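The listed protein sequences derive, respectively, from chains A and B. Counted the way our numbering counts, the first sequence spans residues 1 to 737. Counted the way our numbering counts, the second sequence spans residues 1 to 737.
Mixed in with the good hints, there may be bad ones.
Because identical chains cannot be distinguished in the list, a pair is counted as satisfied if it fits within a single copy or across any two copies.
[Said to hold, decoys possible] EDC-like mimics (lysine to aspartate or glutamate), calculated; alpha carbons at most 16 Å apart, straight line: (1) 380 x 599; (2) 185 x 626; (3) 380 x 419; (4) 597 x 416; (5) 350 x 242.
Simulated from the structure, these hints should not be mistaken for lab results. Note that the structure is predicted; figures quoted are calculated from it, not measured.
These are the residues of each chain, in order.
2 protein chains.
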Amino acid sequence: MQAILRRGLHAHQVYGANTNVGKTVVSTLLCNAVPNAGFLKPVSTGDDADHTHVQRFSKGITKCLYEFDEPISPHLAAVSPPSNKELLSSIRSTLTSWSKKVDFCLVETAGGVHSPGPDGTSQADLYRPLRLPVILIADYRLGGISSSVSAYESLKMRGYDVHAVLVFQDGYYRNHEYLGDYFTKRGIQFCSLPLPPPKKETGDVDAMTDYYQRESGSLTSLVEELKTKNAERIDQLQSMAERAHSTIWYPFTQHQNLDSKDITVIDSAYSDYFQTFDPKAEDENMLSSSFDGSASWWTQGLGHGNPELALSAAYAAGRYGHVILAGTVHQPALELAEKLLRHVDNPRLKRAFFTDNGSTGMEAAVKMALRASCQQYQWKLSKPEDKDIGILGLKGSYHGDTMGVMDCSEPSTFNERVEWYRGRGYWFDFPVVKMTKGTWQVEDEKFSSLDKVFDLDTRLKSETADRYRESITSTLNSLLAQGRRFGALIVEPVILGAGGMLFADPLFQRTLVDVVRSFDFDTLSTVPAESKTKGLPVIFDEVFTGLYRLGRGTSASFLNVHPDISVHAKLLTGGLVPLSVTLASEEIFEAFASHEKADALLHGHSYTAHPVGCQVAVDSLRQMAEMDSSGHWKEYQQDWKDGIWSLWSKSLVERMSHHPSVDGCFALGGVLSIELKDTTSGYNSNAAQTIQQALLKGTESNVHSRVLGNVLYLMASLTAKKDEIRQIESLLESCFK
Amino acid sequence: MQAILRRGLHAHQVYGANTNVGKTVVSTLLCNAVPNAGFLKPVSTGDDADHTHVQRFSKGITKCLYEFDEPISPHLAAVSPPSNKELLSSIRSTLTSWSKKVDFCLVETAGGVHSPGPDGTSQADLYRPLRLPVILIADYRLGGISSSVSAYESLKMRGYDVHAVLVFQDGYYRNHEYLGDYFTKRGIQFCSLPLPPPKKETGDVDAMTDYYQRESGSLTSLVEELKTKNAERIDQLQSMAERAHSTIWYPFTQHQNLDSKDITVIDSAYSDYFQTFDPKAEDENMLSSSFDGSASWWTQGLGHGNPELALSAAYAAGRYGHVILAGTVHQPALELAEKLLRHVDNPRLKRAFFTDNGSTGMEAAVKMALRASCQQYQWKLSKPEDKDIGILGLKGSYHGDTMGVMDCSEPSTFNERVEWYRGRGYWFDFPVVKMTKGTWQVEDEKFSSLDKVFDLDTRLKSETADRYRESITSTLNSLLAQGRRFGALIVEPVILGAGGMLFADPLFQRTLVDVVRSFDFDTLSTVPAESKTKGLPVIFDEVFTGLYRLGRGTSASFLNVHPDISVHAKLLTGGLVPLSVTLASEEIFEAFASHEKADALLHGHSYTAHPVGCQVAVDSLRQMAEMDSSGHWKEYQQDWKDGIWSLWSKSLVERMSHHPSVDGCFALGGVLSIELKDTTSGYNSNAAQTIQQALLKGTESNVHSRVLGNVLYLMASLTAKKDEIRQIESLLESCFK
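Required output: the full structure, derived from the provided sequences and hints.
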């Protein structure tokens, strides 16, 4: 749904702090203050409809979209209510048709801000996709200070900008004095007005005419202010790309290749869509609806602008702010630790360690694992050569941008020019899974369904498994023979994201874990044989793959492996704020126990387990788990039939896999990945950018996507609507024609 | 202010969604549903006072604390209003005196949730320090759905727990049906009641008596539920320490030394105080007010539970959630970048790079500086020895817990047992500033005031400056002669926090910067002499010291130095959520420009510039700057007279410096630091813990503090109240007796 912003049309949504606070009288006054006003009442109940009143007492255009006779809340009055989508579309097309005729217009709501719309949705939520600037009519009656301030807060926490507050003057209760101070302090235009004549059986029309004539001039300057604010909003948006270009240092961006006109200005976001500003739409609507095709760097789970998460964040902010988590505990931190430990359903994992993002969560994981393996094999750190403990991993892995975890990945474009980078480890090559020409394939092996690829019980008995096992074992033997030393295995289960959406053969990953766990990494032979424990700690980096991103609660469950450490972030907070939790087994935890403080895990950021993040994570986990157990994704699952499923349709993946320019593709959970044929591969490739550009040119809505070299991927939130996903799929296919 | 929680006294705050929704009738019904009820009306206006009604129709104890005759809002009715502190104290002492007599009690507010209290503060804010569980009386009238939901949101975003919602049944508007669904879905007890008889001139008493008799039984089960919730809350708090002990892996904590009974359970926090749970107070009040003496690991600026910051966070969550910051821009990110660049008032700094915390902000800073110096001196990374570029710094420095920035500090307790730690650099020893026996001293040099220590214009001409300059220069010469190579200077200006609150001689820091900037670090002598630029990039780690923590907008201003890179976090968000900004000069930025994507700064977390953090930071920066310009700290500044000032009193520092067990002390901005005499110094020392323990035993309120070895420090937020600070000072002094 495209929001509305036009230079020539100063449109506002009129909300009331309560019912009967005089919204329509104020609207009439505002319409009388300009020569060409428009008044739109989307939904009206009761027989003396508001738009008729405005029509009678002003010269503006008026319209009501849906009228219901009974003077009760629309959700009760409406017999066959329009859908919210229809309602919003009608508002948008009405305003569009008015854009040449009026320059100031009001879209008046019914009742208070949270009064239900026809289908029962609170109006503040229902109209949010339009995010029109708000004129709030405050309540002049006893108790009106409270309802006005609360209404303001409810609007604000939904991302509305309140541009003006108006209220009638009541000399006895004097709400206008208090509210005037309150809103002026917050930079909001405030205006108080004499009360209209009391409603009487007769003479009402004359008295109101008098009133409107008397007061008509008083709002002229306010209307001018509102027009100025609208112009300023557009000017701001107009200038933002240029200002950002000269101020912000963008992550993962070669600025020499970045032109200010390539910077997308995002006015707001809602569900799966951005509202982006179109600087060229001088006389047209200046906002476009743009599907967030990267799920905002893989973070989005429960939709942008989610009012439940906003309230959840505000609750924790109001209850605590931040409180130090050292020798203390607060409810959201404890609840999250317990909930996440239950969620991963891994009997090994017993301890939750908090950090701020996936990268720092992995730094903690590496520190944990190295300590445990050094203790296990009695490696000391006294000699410099004893410090050369490496990581076992997979080629194409990526665990974050801090230098410690950069060292956990093999040399690549991502790190080779970081002055302090020193890859410390060995990285196994592995076969990938993809659909090519309608068939799921791993190397030369074909599978009748994706389910079969994940059927590890069967596949572990196959020759492929034997081959994997032998190859891994012999590699490890030869590495140890070279004097190499390793302290942990790190795996991104199933999909290696930043490495290019590499869908690793789950059989290979599983076999790697199995071999590493049974292998003797002792390099000193000073450990008495009888005390030898084998293997290395296994770290699963679930930052991208966990928490339903691939359709399951954990990505470890695809491999049926219980790691010793697992790291969770991104979706953990439903896509709102940074937070990471590193879970560890009691054995790992015990490796830090001693009588010396210095042996402890001396890691911890100031905002460790910040209540806002923890509370949002608790509520996100709850909501995701509820969606899972209530069959929220049933329709998608039925589309795929096998246990493995995706938000993206099975038939789309099949069709794409036949396309001549496609090398292979797959879909899993929220992820769709298409590898294009290209001469240069890897991060430096410029393939896929043609499709990326074409996706930006969609008409009804476009798609903002990211590419990884020659891989184009799309990612949707867990709450994405099926019809919208299917519409994006059509757009995608059209870009391939 | 101690909040109220007792096992035997089930106390609730009754809030109304609006005025005239029947709060008092519902309260009367509730009081009739138990044998021993108490009804407290803190503030009543109008002659037919609510507590008289409850008194007439129930057997409970009733009391009104402040009565005003006129039936208008208390802020207008009160002639000489009580202070909020008095009001809260009266409530607390009333409930305490009732605790043996009643087991269920209600504290009824006036009007709606935001109706102003006697001094004009919204009741929702005024009563927040008590954080009693809430019974919300919803509005049964037309428009009541909206006002009820908004009232709920206003309470929730202040950290209240709403335990029950009650509403009258109106068969026509049927709000109770909608609200019943709404609140039940959110796990809140909901109850609807028949409307009481209409108010009539006569017969009111009889009709009401009938009504109460008829309905009295209907709320018995609700009251039981409320009592159960109260008991559950206490049981939860009771169990939390034990559960945390077995689930949470604490940062910087040797778990072997941690007993579950040493874990402080924090129920909530407000302004500078935690509400901590006292598990031993079986029959007494179970919450204590505890001053947050570490400013929650140095993060707090604008007070815990700040409703403005909560709304600011909720606004950004509602407007955006998170949006990807790659090739895009959103208002809060741009506004923060521009605002912070203006704030630091450093003509060199032109670019803002976002990360999630101080540690990652420093990782980015190091990557930036190393690239710039390698380019400047044409060092290549092709040969392994060319990778050996170190950092120049100060002994006792600390820049975060990720491994890359751990390598920027010299070997110490913090890093020596981290398997991958390799200190890369050279760290200068430096003289410290402290007050000893009433005199400010740096080594043997005495100063008449702290101002004189910072008078660098004069001191730069002194012999001490010459000595510093020569010593630093000769050290650098000898390091280069050994073949060492350096890429950046990193300084925590003025105070090295984690190293033990080391107050470095500003003259030394300034001289170090000056020498490093004029020194030739070329180690290849392949660079043609004419193209030589001298010096190294200077990074200021202002994570702890910046943004008014030391009383000034930047800590760089104390040294009158313009660094090339500066890193900001902690106070940046006023103390709410993690966020860091690394600012850099255009020269540093340009070092990453090339035609190759791989040369870019390939760093960036998924939640880069998350709108919630950026918006909160924008609003925090605005508020802090307003406090500065409006003379908010004038009283403290007058206490110190010289330009250098602290929230902690000058006389306290003087007195402490004379104490026989004190080695030295200082105060600067929000920081008070006391170094105790001790045989073992450093992080492993157990000194200062005696004082720390004594501070926890304060009576009216206690102090939760952190120690750094033999250094005890206290830190207050920027909004700390003077009388409270002075009270903490008295407590501190009493602990030294």
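Status of each hint after checking the structure:
| no. | hint | result |
| --- | --- | --- |
| 1 | 380 x 599 | within (13 Å within a copy, 38 Å between copies) |
| 2 | 185 x 626 | between (42 Å within a copy, 13 Å between copies) |
| 3 | 380 x 419 | between (28 Å within a copy, 9 Å between copies) |
| 4 | 597 x 416 | between (36 Å within a copy, 12 Å between copies) |
| 5 | 350 x 242 | between (50 Å within a copy, 14 Å between copies) |
When each numbered hint is compared with the structure, no violation occurs for any of them.
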